[in-house]
Amino acid sequence: MSSKPTGTSGVEHHHAHHFRSAGHEFDTAKLGMWVFMVQEILFFSALFVAFFIFRQKYYVDFHEASLELDWIMGAVNTVILIVSSFTVARAISSAQKGNTEGILENLIYTLLCSGGFLVVKSIEYSSKVHHGLFPFEIFGLKWNVEAFAEHPQARLFFILYFLMTGLHALHVVVGAGLFVWLYRRAKRGEFGPAYYTPLEMTGLYWHFVDLVWIYLFPLLYLVG
Amino acid sequence: MSQYNENEEDQHEHHILSNKTGMRVFLLLLFLTFITVITAKFTHFGSFNFLIAMLIATAKAAAVMAYFMGLKYDTTVNRLYFLSGFLFLGAFLILTGADMWSRPPEMRVTGPVIKVVAGQGPSFNRPFEPSAEILAHGKKLYIENACQTCHGEDGVNILPQARNFKKSEGWKNGRRTSEIVYTLVNGIAPLMNAYPTLSTTDKLALAHYVHTFNPDPVPADDAESFKRVGVDPTKDDGGLAAAVEARETMPVDFAVERYMEK
Chain A
127 MSSKPTGTSG
137 VEHHHAHHFR
147 SAGHEFDTAK
157 LGMWVFMVQE
167 ILFFSALFVA
177 FFIFRQKYYV
187 DFHEASLELD
197 WIMGAVNTVI
207 LIVSSFTVAR
217 AISSAQKGNT
227 EGILENLIYT
237 LLCSGGFLVV
247 KSIEYSSKVH
257 HGLFPFEIFG
267 LKWNVEAFAE
277 HPQARLFFIL
287 YFLMTGLHAL
297 HVVVGAGLFV
307 WLYRRAKRGE
317 FGPAYYTPLE
327 MTGLYWHFVD
337 LVWIYLFPLL
347 YLVG
Chain B
111 MSQYNENEED
121 QHEHHILSNK
131 TGMRVFLLLL
141 FLTFITVITA
151 KFTHFGSFNF
161 LIAMLIATAK
171 AAAVMAYFMG
181 LKYDTTVNRL
191 YFLSGFLFLG
201 AFLILTGADM
211 WSRPPEMRVT
221 GPVIKVVAGQ
231 GPSFNRPFEP
241 SAEILAHGKK
251 LYIENACQTC
261 HGEDGVNILP
271 QARNFKKSEG
281 WKNGRRTSEI
291 VYTLVNGIAP
301 LMNAYPTLST
311 TDKLALAHYV
321 HTFNPDPVPA
331 DDAESFKRVG
341 VDPTKDDGGL
351 AAAVEARETM
361 PVDFAVERYM
371 EK
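Top to bottom, those sequences are chains A and B. If you read the first sequence in my numbering, its first letter stands for residue 127, the second for the next number, and so on. If you read the second sequence in my numbering, its first letter stands for residue 111, the second for the next number, and so on.
By construction, these hints were calculated from the structure, which means they are not laboratory data. Keep in mind that the hints are not guaranteed to be accurate.
Unchecked claim - Straight-line Cα separation of at most 30 Å, BS3-like style, residue types lysine-lysine; simulated pairs:
id : chain 1 : residue 1 : chain 2 : residue 2
1  : B       : K282      : B       : K250
2  : A       : K223      : B       : K130
3  : B       : K277      : B       : K250
4  : A       : K313      : B       : K130
5  : B       : K249      : B       : K276
6  : B       : K151      : A       : K254
7  : A       : K247      : A       : K268
8  : B       : K337      : B       : K282
9  : A       : K223      : B       : K182
10 : A       : K247      : B       : K151
Owing to the predicted nature of the structure, the values given are computational and were not obtained by experimental measurement.
The shape of chain A in the complex, shown without the other chains (with noise of 0.2 Å):
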C-alpha cells in the first residue's frame, strides 16, 4: 500500500449554493446516509425477528437444517468482507491524505473481495439447490421432502437462509457497482481532501453490509 501523497491534494470542489460551506455540505450528506442506516436495519429487521421467532418455536427442525451449511464458507466470507471494509477505510483515509494511489488501490482490493464474496455465496447456492435444497418451487425446481422427513421446518429455515443472504448479495453486488463508479472518478483525480464525499457515503454503506454478515454469519451458520 503506497503511501506518499501524490497528485490531487489541489483538488478544486465547488460546493452547492444552498448550503453554507463545503463542510455543511458534507454534514448534511453525512446526515442524510445515516438516516438511510437506519431504513437499512429495518430493513433487515423484519427478516432476523422472522428468524428469530421461527428459531425459538422450531428449534430442532433449524438446529438440523443449520448443519447443512457450509460454515467453512461463511467463515472465509467473513473474513472477506472484514478485509474489504479495511480497505474501503484505507481508500478514505488515502483520499483524505491526497493519495489518489492508494484511493485507486484501496478501491481495486475492496472490489475484489465483493467478487470473492460472490464467488463463495455461488458455490454455496448451487450447491444447494443441487442437494434439492432450494425451498422455493420456481425454474421447475423441487424441494428434497426426503432429506428432512422428521423435521419439516427444516424448508423454512431455508426459506428465510435464501431470503436474508439473497437480500444480503444483493447489497454486495450494488456496493461492488458503486465501487466501480467511485474508481472511474477517483482515476479522473475527482477526489482528494477537499472533496471525497461520494468515498465517505458508499464507504459507510459497505460497512453496513458487512455489520449485517458479521450476525447473519453465527446466526444461520453456527447456532443456527
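Once you have looked at the hints, place chain B on chain A.
Only chain B this time, still in chain A's reference frame:
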C-alpha cells in the same frame, strides 16, 4: 482540512483514521471472528452458545461502527440516529417475543387440541335438568360467549335472522334441551356459529338458561336425541364425568379471522 472550515460553524476536523488504528481494528475483527467459530464449534456451552455468539457479533459490530464508520469521531446527532435504528429493532423483537411467549397454553398462536373430561364447570347431577347453579352458570356463559349480541340480553333477538327465544316458532333444530345442545354443537348455516370450544356440560347449562326466556313449557326430550350429542340420560351425571372429549382450543387471532370471515 481548512477547505471544509471556511465558516465558523463548521470548525470540526474531519478525522482521518490512522494506519495504526485501522490495522488494529482489522486484526481485532479477525480475532473475534476466530473466537466466534471456536466457541460455537469447538466448545460446549450448550444453550449459552447463542448468547455468546450474539455478544461477540455485537462486539465486532461496535468496532466497525466506532472506527470504520467513524461514529467515535462523529457528531452526537449521527450517533443517536444510527443507534435509534437498533432501538427500534429491539422493540420489534422484544414485543413480538413477549407476546408469543407470555401466552398460556390455551392461547398459543397454534392452539392444540386438548383432551378434557367432559364434566367441566360446576358439577352437575342429572345435567339434563336445571338447577339454580346450572342456570347461573348458563347465564355466565351466555354473556362470555357474546350470545346476547345477536339474541339479546332478554332473549329477544337483536339480529333479525337470529332466533327469538321468547317465541316458540321457527326453531330450526327444535326447542328441546338436547336440540339446543345440538345447535351449539353444529351451528346453523349461515349465521349461527358452532361452539366446539365449549364442553358438553357448558352447552347443557346454556340450553337450560335459554329455556328461561320462554314462557311455554319445554317440550319432552328423549334418549336418542340426547345420545346424539353425547349425553347418556340413563346415568345420573349424563355419563359426562367419565367421558373424555377432545376440546379444540381456539387461538385468539384465528378466532378473529373466523369472525371476520362470517
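Okay, the hints, checked on the actual structure:
1. For the hint linking B/K282 to B/K250, the alpha-carbon distance of about 25 Å falls within 30 Å, and the restraint holds.
2. For the given pair, A/K223 sits about 15 Å from B/K130 by alpha-carbon distance, which is consistent with the 30 Å threshold.
3. Distance hint between B/K277 and B/K250 is fulfilled; the C-alpha atoms sit about 22 Å from each other, no more than 30 Å.
4. Between A/K313 and B/K130, the direct Cα distance comes to roughly 26 Å. Compliance with the 30 Å bound is thereby established for this hinted pair.
5. Proposed proximity of B/K249 and B/K276 is supported: the alpha carbons are some 16 Å apart, at most 30 Å.
6. Using a Cα cut-off of 30 Å, the hinted pair B/K151 and A/K254 holds, with the two alpha carbons roughly 22 Å apart.
7. Of the supplied pair hints, the one linking A/K247 and A/K268 holds, its CA atoms being roughly 21 Å apart against a limit of 30 Å.
8. For the hint linking B/K337 to B/K282, the alpha-carbon distance of about 19 Å falls within 30 Å, and the restraint holds.
9. Distance check on the hinted pair: A/K223 and B/K182 sit about 20 Å apart at the alpha-carbon level, within 30 Å; holds.
10. A distance of roughly 21 Å separates the Cα atoms of A/K247 and B/K151; the hinted pair therefore holds under the 30 Å criterion.
Consistency note: the structure conflicts with none of the earlier hints.
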